[in-house]
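J.: Residues per chain are reported as follows:
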Amino acid sequence: MRAVLHLAAIGGLLLAGCGAPRPFALDLGHEPCDHCHMTLTDTRFAAELVTRTGREFRFDDIGCLAAFLADSGWLLADGGAAWVSDFQHPGHWLRSDSAIYLRTAALHTPMASGVIALAGGGPVDSLAAALAATRLDWTGLPATTGPR
Amino acid sequence: MILALLLVLGGPVQHQALVVGAGAIPSLARALELAHPGDTILVGPGLYHEPTLMVDRRVTILGHDWPVVDGSGDHDLFQVHADSVEIRGLVIQHVGFSTIEDRAGIKATGVTGCRIVGNRLVDAAFAIYLAKSTNCLIADNRIDGQGQGEALSGNGIHLWSSHHITVERNVIRGQRDGIYLEFTTDSRLTGNLSTGNVRYGLHFMFSHDCEYRDNRFDGNGDGVAVMYSHGVTMMGNQFTDNRGSAAYGLLLKELSDSRVDGNLFAGNTIGLFLEGTNRIEFSNNRFDRNGWAVILLGDAFANQFQRNSFTGNSFDVATNSVRTQSSFRGNYWDHYSGYDLDRDGIGDVPYAPVRLFALVVQRHSPALLLLRSLFVDLLDIAERVLPVLTPAGLVDQAPLMRRPS
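Heads up: the protein sequence lines correspond to chains F and Z, in order. Quick note, the first sequence lines up with residues 218 to 365 if you use my numbering. Quick note, the second sequence lines up with residues 592 to 996 if you use my numbering.
Pulled out of the complex, with its shape left as it was, chain Z reads as follows (with noise of 0.2 Å):
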């Protein structure tokens, strides 16, 4: 096989092609030493421990049969300095956390155009690393780390200070944070699944003018955090399942001028969480069975959530303040009791989605205990007859009465 690939690879093109494997080139770091740019080396099935591999020509890596590439614990082991480097097809495994630098089982430094497709990486401190880098694709890797168990651990995908970056179709579980970006911008990740890290499934930090679409966040320890960034686009995610004392679907801080539509947010402790976001747009959102669907800080201002649908919630908007500066109109509320004389499908009498008692809880959360009380119920009834306490700003003047499809 690999012989006949030597062949159709060897015919046309002036690069040459190296393999490494039994009765051939004995390992990686012998075979990246004798590669010249352009040429592919052909890595055949096989145990191979290496040491760090520098990759400083333009060469594409290809594994044959998943062969397995070990770090034995105590180095990086692919350091990429090369642009349009490709490494497909390895079992990349053993890269130990170490408390002083960041230890990857793929590193890529200040290179444009590199390609990381079909790799499956174990037990490695940080998976893919992308530091100052360009127009790289990562993806249908699959990425196992050291487990829910292990705290110093490093993160699946991590970005640093790169753009133009496509992350598509990675399967990540069990790293620090799945996906983590930090000053990244112009990047779209799209068709993950990040699912059991410690802390995120995807977490943004100073990374602007992002997207992510139709990835799915599943049982992390939070699903997704987007801190300090403006013109960042999420789009039919779903976040579920991720659930703890103070566990989100999603969690935005301190970010400004985004889109959020049509994503799913269930079975979470706290769906979505605001504080300090502008100017955000939320559309076509599922809420379902959460905890508290939305929590929103006061010092949120200008978001506007339109089309979405709240159902099976215990809390559907909790804030803070009684000055919360957001809006909600045309939303599907299943806790909305009102009617609709005339027949347009949106109730004639508003909504107001902030129970009295979700303020009281967020003020003192030992006051959950009474959830379920006849204090409470009362309580929300009177409040509800004469608001005194609720944010006057927080009410949808145009609930829906069906579901939006």
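In isolation and in its complexed conformation, chain F is listed as follows (with noise of 0.2 Å):
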């Protein structure tokens, strides 16, 4: 009995293992971007990313998500998947293909992007008014190279 729990435990590991990608939490204060180096430091404008074998990647500032995707985009269509910090409930992850993106002068992002991602239905007109901020797509991010 006991060796068929300890075979349904393994079992169960190795499914889990074998799932789609999942969002991972940060060690904030320890880990680097793994675009710019830096330690991240602040979860409200960080991104991450696991490929289909589950090895992770974390950004301090989606603008790093985005130059690492240009280099690396062919991850996210051999199945693995990015997410986007939701900037009204950091720690809460957003998938970055459906979070709304706004660029703004107003917030210092770590790597001076500016960029910030919201989930839909919040107050989104709102906050982009107050921090005089254009919307973004997906496909249209600002990859952190350089200074705006």
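Accuracy of the hints is not assured; some may be wrong.
Only part of the chain F face toward chain Z is listed, based on derived beta-carbon distances under 7 Å [to be verified]:
1) Thr-256
2) Thr-258
3) Arg-261
Everything labelled a hint here was simulated from the structure, so no lab data went into it. Keep in mind the model is a prediction, meaning the values are calculated, not measured. Note that the Cβ used here is the ideal one computed from N, Cα and C, for glycine as well.
Got two chains here, each in a separate frame; can you build the complex from them with the hints?
T.: What follows is the structure, given as structure tokens:
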């Protein structure tokens, strides 16, 4: 019986390892961004990517995810997935292709892209007005390679 | 004492001195309303709970016997909007972090000639914050942030879109970045100690033509990051004990035409990390007891290393590319086992500081487990005899026999 339980537990772990990519929690203050190497300290502007095989990449600025995808966009076509932090609920992850993006000079993001992500349905318009922000598409995000 | 000062200050000049404290003006907010340009506000000892203090006229604010100005956690304390304001001798505390705005103990916006000297800032999200300001002095302040465990904190000294700022002899700990420069140019940072900060001791973003000299960066998440900038001079600094799985003494990314001279890199996981750095002169630096002294990524080119000394590092130089474009000449390497028959102080055979194993570890970091194994020693010896994989360009043709003094 115990052996069966063990087998079931191991099988469960294997299945968990094989499922669709899922977002993961960031270890703030310790892990570097996989594009710019800066240590992540602030979830508000963060993004992450998990490949089909489960490899994790983290980014301190949504612009760093965009820059990373400029070279490695095939990881998404290959079955990977990317998420961006909900600016209004930092640490709550939104699918990168369904989030709403705003760009503003009023917020200082780690790599100065000025991009934040929001869930639909919230007070997007009022926040955009308060931050004098422009709306962006997922496909039109600025990559952080230099200043604006 | 205050009265004596008052007499001295009140004597020869026309400007008046206002006294804040017991039996005088009860709050700094009130004194700032009463003050005329050129006045001095003397703050006596005591605890002052203050709202946001708008400093909109040229005044000098002097604390006597460490008065405590407390922000109760939910707003900026000093907002300076006038030129030539001086703030000295205050304890400024309790400015809470906000996700929407950058709150600071002292925030100066669009001013010139401010002097923030000899204050103590305790538990402030951002301590001293300059935006679009010029020709200011930030000196001899002591900044104690919310501590290592607090990821959501701001920077100790934050300079944004400013120029000609002097930052001297401050002690900063427990912030996100100790000192942070963004879009800031022509500024000098000297003799500061930045320690125990969550991210960087000092951090440059898009900040050109600055100089930092004789500072110490000890035990931060990472020592210093200089990114997306050009024309930065770094001399006589100490980058020490920045440890962690990927902790750098000095991280240079997308930096060009700069100088790194006479610094000490000791006890870091990675002493110096270069990516996308061009035309940088590294001379007279000491790399001692680091995991990796230098990691040079293949897209760094035309960097020159001269008269540096490498001692007690696990790896002297590592790279991820066999086609790397930087030169090493006339450095001292304690791993060098060559000879000097003509006794000119220069080794007669070249030294290749990149171990094959370092190349392997760059590509597969778990291989580090094998560091002290016989297999790895054999690998390195074989590569030294018959180099096939290590970069041909990364060879010191004139290794020094003795450590340069």
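J.: When the nearest CB of chain Z is found for Thr-258/F, is that gap smaller than 7 Å?
T.: With Cβ-Cβ at 5 Å, under 7 Å, it holds.
J.: For the restraint on Arg-261/F, tell me whether the closest CB of chain Z is nearer than 7 Å.
T.: Status holds, d = 6 Å.
J.: Does the CB of Thr-256/F sit less than 7 Å away from some CB of chain Z?
T.: 5 Å, holds
Violated hints for the displayed structure: none, as all numbered hints are satisfied.
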